[in-house]
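Please dock the two separately framed chains into a single complex, following the hints provided.
Those protein sequences? They're chains A and B, same order as listed. Per this note's numbering, the first sequence runs over residues 12 to 147. Per this note's numbering, the second sequence runs over residues 606 to 959.
Among the hints, erroneous ones may be present.
[Stated by the list, open to error] Reference listing, derived: stretches of chain B covered by chain A, where coverage requires no fewer than 3 residues with Cβ under 8 Å from a Cβ of chain A: (1) 664-675; (2) 706-712; (3) 930-944.
Just so you know, these hints were derived from the structure itself, not from any lab. Note that this is a predicted model, so its numbers are computed, not measured. In this text, a Cβ means the ideal position worked out from N, Cα and C, and glycines have one as well.
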Amino acid sequence: MDIPRYWRLRNQRYRLEGSRCKECGSICFPPRFLCPHCKSAEMEPYELKGRGKIYSYTIIHQAPDIFDKNVPYTVALIDLEEGARITAQLTDIDPDDVSIGMPVEMVIRKIYEDGENGPIQYGYKFRPILFTDAGS
Amino acid sequence: MNRIMKPLKPVGIIGYGAYVPAYRLSAKEISRVWRNGQDRNYLPIKQKSVPGPDEDTITMSIEASKNALLRAEIDADRIRAVWVGSESHPYTVKPSGTVLAQVLGIYPDTVAGDLEFACKAGTEAMQAAIGFVGSGMAEYALALGTDTAQGRPGDALEYTAAAGGAAFILGPAEQAAAVLEGSYSFVTDTPDFFRRAYQHYPEHGNRFTGDLAYFLHIRSAVNTLMEELNLQPNDFDAVVFHQPNVKFPRKKAEDLGFTTDQLKDGLLVDYVGNTYAGSSVLGFTAVLDKARPGDRILLASFGSGAGSDAFSFVIHDKITEIQSKAPQTMQYVRREKQIDYASYARWRKKIRMQ
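Pulled out of the complex, with its shape left as it was, chain B reads as follows (with noise of 0.2 Å):
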């Protein structure tokens, strides 16, 4: 069996877009709600970003798929595939493609849906970009990784629930800044983290989230990855990882081989907090943001269920010239406004008033 996955025809990035909301809520603050601030030693991050009052997955995805379409500038219309990838899609049933296609005008020949595969369903999307524009089925797809994550208030991930997302355009290679190499999708039944019908706030498995989840499943990927691909560690000039916080990504990348170099550029956690199905196509934006033609990228997500997608990208000309015609995504990360735990009660609607 072939394990890596090639599309038939070269596949790769037209145009990529970030968002990231305004308002950040220092673990300081929750700790000193929660803990009467007696774990600040030990906090996973420094601070995460929170959704405005009017922000959701939807507008969230509307702004990163601007950006995205302000660096391939292409007609919207040319795009035949909306894909969102969220855990916090805003309606329960009712596609949020249709609204960014509506919004976007690639309405109404096109194909919509969203997808769920807690944190890595941004990369989900867009394995399935790949597939569609690869087959030849479409000559451009839009996905995206987009979530306002959901913390129970008190809760171990409450302190990095955060809100922000990516959009990709890919099309044909030829017109690519960052050209597919291959990709690799490890998938095993793991109940790590989960989210009933009707339930507001996601459980998780404790001590469970770490070995047999997050690290079993990228380590799988990326070994497979590189190994189909023959290709080592030192073969990348950056790599991204999903970051819940910042040990893991950081451990994921000693025992794999890989530098703090190699990671640094795509390491937004400590900023931003874990953005879930944003969370490593985000970082994957800030390295595109600065990557140099001929530049090898590893982008390797892990989604709770459980996942992981990895994807080798080739970094071609075309990148210098579109990397300064859209904000960059270090430009949302610095935007930051601190905001009190009791606004982000109120906006995030944690007071339940009946």
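So that you can see chain A by itself, here it is in the shape it has in the complex (with noise of 0.2 Å):
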């Protein structure tokens, strides 16, 4: 069990809390104490929106044991609109219909289950944009 690990990560893994540089406003995912623009050690937490563009993706077909029954998955480099760029798993799409340049937004999905008695591990995954016309 990694209970240390989750309970530290759980901020950054269910609400995108990053960190920004109150010098240079540079932002940075995951967080970091020293800016690597400015070099500045003053840096605040920032919760990113979540929302931004696929960069590059890759198709899983050998995993690590915990998401073996998942493959095949896509795991993808997403530039979010605030600067940073994350390294996430894709959901609710087949890896066959992922393109660079695809807009993505964040949700809150189940990462993997610790074996049958373990916690469970939440954290962000991207889909494609739900509904640009929400509401109508």
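What follows is the structure, encoded as structure tokens:
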């Protein structure tokens, strides 16, 4: 069971909590103590909105044991609107339908179950933007 | 005794949100597998929703709640209660509400708990939230009814046991889009449907589930509510009942003197199945999406065990401002991707490998 890590990273995994440099304004995910752009140590928590575009992607056929039942699935590099680049699984999409530049949004999904008795790990995945015309 | 329930301070719905997974399994496909298609003329619904392999009651509740927050336009940390009604909480011990509170930014100044009352756990959560806000203990409270219902392979309920849910943020009436006129709850000990500890699938009392369970409890709740509020069926613009199949809510509406026109906007079971604790409340969100100021809406759930919660809501002007601030329920209903029984069996862990 990986409970300490699960507990420590929950705000990153649940709410895309990264960091923003108070000096130069650059945004990092995962959060950092030092700004990689201006070396400032003045970093503050920053919640990303969870929208972006696919920069690149790969289809996983040989997966780690915990994801073995999910193959084939897609892992993408996503450029978020605020500027950070994030690695995440895609969901609710057939790997054949994924394309570079596709607009995506963050959703919280089950990442894996730690065996029959362990905790259920929730976290971010991305899916194609569902409704561009919400409410119509 | 005053049978109607009204909070000390007027309470209403500030925001609401729905969620239905993308996947659908047709009743014909289930019939093909278990009955060789021979019962296809008697199928209870057209299709049911199926959660994706990475979805459960917690993840679906999160999306419904985010939609409710988009409509409520309040800071999440002003919500002081997270109550999730479901019979498919992912953990037996560890509240789904704690994950929601953390994800949505409601933590740590909140209560959080899970409720279970078969298919009426969602309206049970609403009753609790109304009491919490109406007593002044909280400014806002979040109530949900969400389920990934379990159906035993080959059982009659497998045709309908579906997934989905709805979230409601209750708050002061002066900020509300739908204001509560009053509610009434009717409960008896009726063993029509149950699931014992450590069992994967529930048991049901076959024909016992109709007259003495669904019909008696909803009839008693709705008739008392209307009597105490001095209302007639034609005073309502829309009515939503728990919907385990298409036949039951239609028959219920007819028995109580409601028209098919009053029933139609909230009757989603043919397209998404019986979403259990999410069933009546999901239908209610579809009605709210179309409601106009001045409308009066009747919501009546049914939960096996058994009981029914009935509510009368009056729609206020704010409804027109908030309807388009989040995805509408029918957008989720129409987002359908058909899957076959084999995928369903794999995703829903119907195949035990050890």
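We went through each hint and held it up to the structure:
1. 664-675: It holds, with 3 qualifying residues against the three required.
2. 706-712: holds (count 3)
3. 930-944: holds (count 6)
The earlier numbered hints are all upheld by this structure, with none contradicted.
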